[in-house]
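Chemist: Okay, here's what each chain looks like letter by letter:
2 protein chains.
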Amino acid sequence: MTTHPLDLACALEPLSQGRWRGATTPDYMNMVGPFGGVTVAVLLNAVLQDDRRTDTPVAITTNFCTGTKPGPFEIDVTLERSGKYLQHWTLRQVQGDTVCSTATVVTGRRTDTFSHQAAPMPDVPVAATVPAQAAPPVLHFLQQYEFRFLEGQPRLDKPLETPAQARSRAWMRDAQPRPLDWLSLAALSDGFPLRIMTVRGGLVPMGTVSLSTYFLATQDDLDAQGTAPLLGEADGGRFHAHFQDQKVHFWGTNGTLLASGAQVAWFKQ
Amino acid sequence: MTTHPLDLACALEPLSQGRWRGATTPDYMNMVGPFGGVTVAVLLNAVLQDDRRTDTPVAITTNFCTGTKPGPFEIDVTLERSGKYLQHWTLRQVQGDTVCSTATVVTGRRTDTFSHQAAPMPDVPVAATVPAQAAPPVLHFLQQYEFRFLEGQPRLDKPLETPAQARSRAWMRDAQPRPLDWLSLAALSDGFPLRIMTVRGGLVPMGTVSLSTYFLATQDDLDAQGTAPLLGEADGGRFHAHFQDQKVHFWGTNGTLLASGAQVAWFKQ
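Protein chains in written order, with numbering that gives the first Met the number 0: chain A, 0 to 268; chain B, 0 to 268.
Be aware that one or more of the hints could be misleading.
[Claimed, not checked] Now the in silico label distances, taken between C-beta atoms and shown as ranges: (1) 132/B - 225/A: 44 to 52 Å; (2) 6/B - 68/A: 38 to 46 Å; (3) 2/A - 160/B: 46 to 54 Å; (4) 114/B - 2/A: 40 to 48 Å; (5) 53/A - 12/B: 53 to 61 Å; (6) 155/B - 83/A: 47 to 55 Å; (7) 137/B - 128/A: 50 to 58 Å; (8) 6/B - 83/A: 51 to 59 Å; (9) 50/A - 51/B: 34 to 42 Å; (10) 10/A - 22/B: 43 to 51 Å; (11) 31/B - 50/A: 26 to 34 Å; (12) 157/A - 22/B: 51 to 59 Å.
[What the hints assert, rightly or not] DSSO-like cross-link-like pairs, simulated, lysine-lysine; straight-line CA separation at most 27 Å: (13) 267/A - 83/B; (14) 267/B - 83/A; (15) 83/A - 68/B; (16) 157/B - 267/B; (17) 83/A - 157/A; (18) 83/A - 267/A; (19) 68/B - 267/B; (20) 267/B - 68/A.
For the record, the hints were derived by calculation from the structure and aren't laboratory data. Think of the CB as a built atom: it goes at the ideal place given N, C-alpha and C, for glycine as much as any other residue.
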């Protein structure tokens, strides 16, 4: 049995309490450095592996300070506050003196409460009836994912004459099957192309600046999903003066909203 | 001329580079401790006042670790990375040994680029034709705001028999007029009631866990807004096992999307 590429990318060696060593892997390389989602996942893993942790992930915000260079990195984890219901963590990923990323993570206790889903899964064709698209070679990490776009597939070959809609919907999962867990959900939460690609077409220098993912699932919800595709939706608000925002939602095959999130990204021109 | 309550709440005394002292003020008290938005604003102010800062705010994520007690607090600011286009900051607000909140801030250079707004302002009646609502006494800080709900006004008197829609729309601004700036936009970004109040009605113990605000405006956009009301929209996805997500958008009176954001909140039962 071979180790899944995501598990290789998220592997961490403990150095001391709250200090870990990891390394980039070639599988998830993006235009400059690793795909942001795999950085989110390895940061989250440093909290998941922490023996002070009492509960499951609720939120992770990752700030991409500079591109991670191929090779090893270290992650420092600080437990800022440990309460009855919630733990707050801050993280810093470094290569030598360079801060590659910072993150904050919240973990929390989940028990039965009032329950209501206000955002129903959009009514779309089932995944099996939607063709999967080949990953564009320039975005190497996409070879690790299977995307079945329902709408809003970005056109990377050249800019569009008029802006296209900002919304994309796609069935998505790991190309090499792997049962959904917190790590893969964290990575997928950054899987959609930046909305500027969808709206404008073409490809200019760009990158996520800050990304927040909220885990709305319980462990049971993840277990129910297994290796089936998630339905993802991404939408954007404004593209102006180098910055754009976007929001994402991810539903399991049975219609449960498993995660949502938001990010702000930078584009060059 | 009296000082505006928001400026009193955001006032900071410099202790050394990247270290500030502030204090809670009675004006913005919520059920437990200060209203989250005023914490976001005072944290942002510690970056705005920093003489290492080169550009305007792009993003702030605030994690509410524990309620701030009435009285003084200190804020530590670390400049993690200073690049040509972006600066990354991390902050920690403390009272003695207790971490009240942590935050990450991104500031960035804004110049002319491709520009497009994908999220139009909803077609709603102008603010002057919509009555302002009295603030419920239990949420004291709301006396600092003028809300004109267009839909989704929460019912705090008792739980609803069936869940209401998660979406709210309202015209909103400072009750005591103050021209819009980064601080007031930061505070307003947490101004909507938590979606659980709107969906379920009634009032149970609850609080924002992590909140991210993205500034999509330029200084010119803020100047154009002045003291006029913003149109705000808040919506939520799922309420389950103690946690709920919500997304917000804020448009200026002229239809420009000035900010968007997201948060995850905890509720007790």
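Chemist: Next, verify each hint and record whether it holds.
Modeler: Here is what the structure says about each hint:
1. 132/B - 225/A: 44 to 52 Å: This hint holds: roughly 47 Å between Cβ atoms.
2. 6/B - 68/A: 38 to 46 Å: holds, 44 Å
3. 2/A - 160/B: 46 to 54 Å: holds, 52 Å
4. 114/B - 2/A: 40 to 48 Å: holds, 45 Å
5. 53/A - 12/B: 53 to 61 Å: violated, 37 Å
6. 155/B - 83/A: 47 to 55 Å: This hint is violated: roughly 25 Å between Cβ atoms.
7. 137/B - 128/A: 50 to 58 Å: Because 51 Å falls inside the window, the suggested range holds.
8. 6/B - 83/A: 51 to 59 Å: violated, 36 Å
9. 50/A - 51/B: 34 to 42 Å: For residue 50/A and residue 51/B the Cβ distance comes to about 37 Å; the hint holds.
10. 10/A - 22/B: 43 to 51 Å: Holds: the Cβ-Cβ distance is about 46 Å, inside 43 to 51 Å.
11. 31/B - 50/A: 26 to 34 Å: holds, 30 Å
12. 157/A - 22/B: 51 to 59 Å: Roughly 56 Å apart at Cβ, these two residues keep to the hinted range, so it holds.
13. 267/A - 83/B: holds, 12 Å
14. 267/B - 83/A: holds, 12 Å
15. 83/A - 68/B: holds, 18 Å
16. 157/B - 267/B: Roughly 16 Å separates the two Cα atoms, so the pair holds.
17. 83/A - 157/A: Cα-Cα ~53 Å, so violated.
18. 83/A - 267/A: violated, 45 Å
19. 68/B - 267/B: holds, 21 Å
20. 267/B - 68/A: violated, 43 Å
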